[in-house]
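Visitor: Protein chains in written order, with the working numbering: chain A, 316 to 778; chain B, 316 to 778.
Some hints here could point you the wrong way.
Note that the list lumps identical chains together, so a pair holds whenever it fits in one copy or between two copies.
Calculated cross-link-like contacts (lysine-lysine; reagent style DSBU-like; alpha-carbon spacing at most 30 Å) [stated by the list, open to error]: (1) 771 - 714; (2) 776 - 555; (3) 529 - 550; (4) 771 - 317; (5) 342 - 550; (6) 473 - 359; (7) 656 - 318; (8) 554 - 776; (9) 323 - 549; (10) 554 - 342; (11) 474 - 776; (12) 349 - 771; (13) 727 - 403; (14) 403 - 317; (15) 714 - 353; (16) 652 - 776; (17) 529 - 555; (18) 473 - 776.
In short, the hints are calculated from the structure, not lab data.
A quick note: this is a predicted structure, and the numbers were derived from the prediction, not measured.
There are 2 protein chains.
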Amino acid sequence: MKKMANMKILFNPESVAVIGASDKEAKLGFHVMKSLIKGGFSDKIIPVNPGGSEIMGLMAFPSITDYEGPVDLAIVVLPAGLVPGVFKECAVKGVKGIVLISAGFKEIDDPAGADLHEEIAGIANEAGIPVIGPNTFGMINFHSDLNASFTPEFSHLKKGGICLVSQSGGMSHLLGFMAMRADVGFSKIVGLGNRLNVDFAQMLEYLTDDSDSKVIVLYIEGLDEPRDLIEGAKKYNGKKPIIAYKTGKGMVGDQASLSHTGSMAGRHEIYTGALSQAGILTVDNAETLLDTAKAMASCPIPDSPGMAVLSGQAGPGMAACDLCADQGLNIVRFTEKTQQKINELLPPLALRTNPVDMGPAWYDSSAIEGIVRAVMDDDNVGGILFLMMFASANVDALKGISGLLEKWGQQKPVISCILSPPGIWDEQIRALEESGSLVNYPTPERATRAMANLWKYGKMKTF
Amino acid sequence: MKKMANMKILFNPESVAVIGASDKEAKLGFHVMKSLIKGGFSDKIIPVNPGGSEIMGLMAFPSITDYEGPVDLAIVVLPAGLVPGVFKECAVKGVKGIVLISAGFKEIDDPAGADLHEEIAGIANEAGIPVIGPNTFGMINFHSDLNASFTPEFSHLKKGGICLVSQSGGMSHLLGFMAMRADVGFSKIVGLGNRLNVDFAQMLEYLTDDSDSKVIVLYIEGLDEPRDLIEGAKKYNGKKPIIAYKTGKGMVGDQASLSHTGSMAGRHEIYTGALSQAGILTVDNAETLLDTAKAMASCPIPDSPGMAVLSGQAGPGMAACDLCADQGLNIVRFTEKTQQKINELLPPLALRTNPVDMGPAWYDSSAIEGIVRAVMDDDNVGGILFLMMFASANVDALKGISGLLEKWGQQKPVISCILSPPGIWDEQIRALEESGSLVNYPTPERATRAMANLWKYGKMKTF
Chain A
316 MKKMANMKIL
326 FNPESVAVIG
336 ASDKEAKLGF
346 HVMKSLIKGG
356 FSDKIIPVNP
366 GGSEIMGLMA
376 FPSITDYEGP
386 VDLAIVVLPA
396 GLVPGVFKEC
406 AVKGVKGIVL
416 ISAGFKEIDD
426 PAGADLHEEI
436 AGIANEAGIP
446 VIGPNTFGMI
456 NFHSDLNASF
466 TPEFSHLKKG
476 GICLVSQSGG
486 MSHLLGFMAM
496 RADVGFSKIV
506 GLGNRLNVDF
516 AQMLEYLTDD
526 SDSKVIVLYI
536 EGLDEPRDLI
546 EGAKKYNGKK
556 PIIAYKTGKG
566 MVGDQASLSH
576 TGSMAGRHEI
586 YTGALSQAGI
596 LTVDNAETLL
606 DTAKAMASCP
616 IPDSPGMAVL
626 SGQAGPGMAA
636 CDLCADQGLN
646 IVRFTEKTQQ
656 KINELLPPLA
666 LRTNPVDMGP
676 AWYDSSAIEG
686 IVRAVMDDDN
696 VGGILFLMMF
706 ASANVDALKG
716 ISGLLEKWGQ
726 QKPVISCILS
736 PPGIWDEQIR
746 ALEESGSLVN
756 YPTPERATRA
766 MANLWKYGKM
776 KTF
Chain B
316 MKKMANMKIL
326 FNPESVAVIG
336 ASDKEAKLGF
346 HVMKSLIKGG
356 FSDKIIPVNP
366 GGSEIMGLMA
376 FPSITDYEGP
386 VDLAIVVLPA
396 GLVPGVFKEC
406 AVKGVKGIVL
416 ISAGFKEIDD
426 PAGADLHEEI
436 AGIANEAGIP
446 VIGPNTFGMI
456 NFHSDLNASF
466 TPEFSHLKKG
476 GICLVSQSGG
486 MSHLLGFMAM
496 RADVGFSKIV
506 GLGNRLNVDF
516 AQMLEYLTDD
526 SDSKVIVLYI
536 EGLDEPRDLI
546 EGAKKYNGKK
556 PIIAYKTGKG
566 MVGDQASLSH
576 TGSMAGRHEI
586 YTGALSQAGI
596 LTVDNAETLL
606 DTAKAMASCP
616 IPDSPGMAVL
626 SGQAGPGMAA
636 CDLCADQGLN
646 IVRFTEKTQQ
656 KINELLPPLA
666 LRTNPVDMGP
676 AWYDSSAIEG
686 IVRAVMDDDN
696 VGGILFLMMF
706 ASANVDALKG
716 ISGLLEKWGQ
726 QKPVISCILS
736 PPGIWDEQIR
746 ALEESGSLVN
756 YPTPERATRA
766 MANLWKYGKM
776 KTF
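Take the sequences, apply the hints, and build the full model.
Guide: So, in structure tokens, the structure goes:
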């Protein structure tokens, strides 16, 4: 199908026209131009505006048809009434994809909005043009430095393996800024808006072969055709992890969803049940969504729920153990060999079974290394939860594990909560994360929940 | 009782002796000295060590009795076996309080540890000396620049109204570092350790009259005398909010708790039920503990569960509404007058009832101001949840609310999730928080949960 074939060009264009480009800051077309330029898009950018001859130092054209070269992607940011005409020009021009930022279609009270929606859908579908939007902030493909959104600041985000497909621009901004602050990387952020002819199902189909996207994250408010998403997810189940956060539980939420992107949120429980059956892991808040995606993008799935809890202080270890019990993880019983090695490295007054309180080894990074090594050699262990709070006296506590976990961490997950005052261990933690040794979280509970979600996803995959 | 009278001096000493002070970095006595000096304690510091004549530029004494002046507080960091002798010297010297960092008492397998515990308890109780510890990292009183712990970095924490009383040093470090990173201020952090003669109940009694501490936060693993805490909390119920996080749900956790600070964790559900009945709000993770404490320290309690949800984008507003429904908050129906004003400020295509989607007012900070003003005038509204994600086009969206919420925010709670890429809105958010206009959180769900916990606490207070 032509539309699906064009999706790859939509996300990886060699030429982008901004229809409604502007050099006035009060116009969204200004911000879109800035996004493309500041985002470092290195191929052709073509501003289109009947008024201007030059915008941000680039030659502008009155219409897309006045430009002689090819246009792969058109970003449209014009009043809704002008969009059908522009779509026709795009079809004639042979545009391969459109990001339609403009609002004023199906989401408005006026039935004229729905009529416009049908009209432009007809044009796009006939021409085989996939359309992101309308009523969206746009989309970003980080790996090709394409920021096709009205928020230039998205380009500060790190490149990574998480692809966000979202029904809400606000939620996309929230998750994007959270990721910036937590140093988590994304492959793409796609604001589906009113989903003219690209819905969750089409995105899943496209992303299955997108090698940049290791994990797919969905933010869902409501769907016209939930069956398409469910069937699509079942088809791709196991190929890539899919995590979904669905809002719109209450009636009020449903009304909100209707007005927001033009569809009812539907019955929440039916949705989440169906999503789970399709192999999609559901979560119930933005933080867990990002935490889980971060783990999925970097960690192997545990082959058993048996955890080793290694902590530098007993309290955080107990917090992790509590949540393990709640979330279907077990505190494993070590083999005799493992236990013997740990007993050699820690005095009797310490907790040495599991959780292991490594407090007495603070001064001795080789003892911490020895404990981790013993646990890594224990086949009963499906994953390691490693918790270490800085104290002035244990500043060298991480030395023993640098490099040690790198190979093991590619086979089994190591999830940590290592925390210090700002600036002390931050670089060491980043190095451990970048070497693939572990994935770190700001609290023991968030670390444990991420591990539990890896295990839940692993179980889903097998049925 | 002399011991309770001495508590005030323990936390506000004019002279502090460090018994076991050291200038060797491998000794905890080194870090304790550094904490006192770097923490800016401006009164007398007396290092005590039989070997040294000078430690960190201060004259050292072979024993506390060799120092001629008075000693209010003694911090003891010596092998357990030496502690009884030192306690006797402290009693003779007229020391008013002791922080006993040393481990090796009731928490070890050897019954000699329990014997030592009894011995030093006898000495301290007879002399009326309150003792924090043993087996603790220490305590910090931020408002008197007293860092009596082995972690100098605690002194980076901002002064504020939250007092943490914790059975775990690791959890104290975790919460302290979380607070540093979230710019949340503390009054005191107290590591109770094995609780020789200062337990949760004594801390509650002391803190009731401590004007620096607005909110009391407890981290509990297990208690010998839970009844004391419960009775104490009932007595002080309503005077100050008390929030507790209790770990040790599972058997494994219980074993951990036993070895850690010398007592069984006990049956988790019985504990949390009893804590609730005593007017203590219980939470189940470190993040919610800190989030709730932050709100309690700055916000009034809502007089009704009726919320106004004002959001700059629909998605985060829906997430907040979902959690309101789960957590016992209502999305209020505005009065006709309020609704009319909002309708004047927003076009029909927007969500205008509640949640209010202020998206169309992005460019118009006076419209946002008008909406907030209308909602503030509505007596049905018990609190405002304000959610605003930055986008390049709405960079001025906060202008209208600066100053506007300051007075209202002292009567009713305004809790927000305002988020931008690092560095853009951070200063404006800090100014809004410091003026008492609102309290901000990194996600809509965390903001909503903090509001719900304010309401839950308010309901508790009334029975």
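Visitor: Give a verdict on every hint.
Guide: Do the hints match the structure? See the list:
no.	hint	in the structure
1	771 - 714	neither (32 Å within a copy, 45 Å between copies)
2	776 - 555	within (10 Å within a copy, 49 Å between copies)
3	529 - 550	within (17 Å within a copy, 55 Å between copies)
4	771 - 317	neither (37 Å within a copy, 56 Å between copies)
5	342 - 550	neither (42 Å within a copy, 61 Å between copies)
6	473 - 359	within (23 Å within a copy, 50 Å between copies)
7	656 - 318	neither (61 Å within a copy, 45 Å between copies)
8	554 - 776	within (9 Å within a copy, 52 Å between copies)
9	323 - 549	within (22 Å within a copy, 65 Å between copies)
10	554 - 342	neither (41 Å within a copy, 53 Å between copies)
11	474 - 776	within (27 Å within a copy, 49 Å between copies)
12	349 - 771	neither (42 Å within a copy, 46 Å between copies)
13	727 - 403	neither (53 Å within a copy, 54 Å between copies)
14	403 - 317	within (17 Å within a copy, 89 Å between copies)
15	714 - 353	between (39 Å within a copy, 26 Å between copies)
16	652 - 776	neither (33 Å within a copy, 54 Å between copies)
17	529 - 555	within (6 Å within a copy, 49 Å between copies)
18	473 - 776	within (29 Å within a copy, 47 Å between copies)
Hints 1, 4, 5, 7, 10, 12, 13 and 16, counting from the list given before, are not met by this structure.
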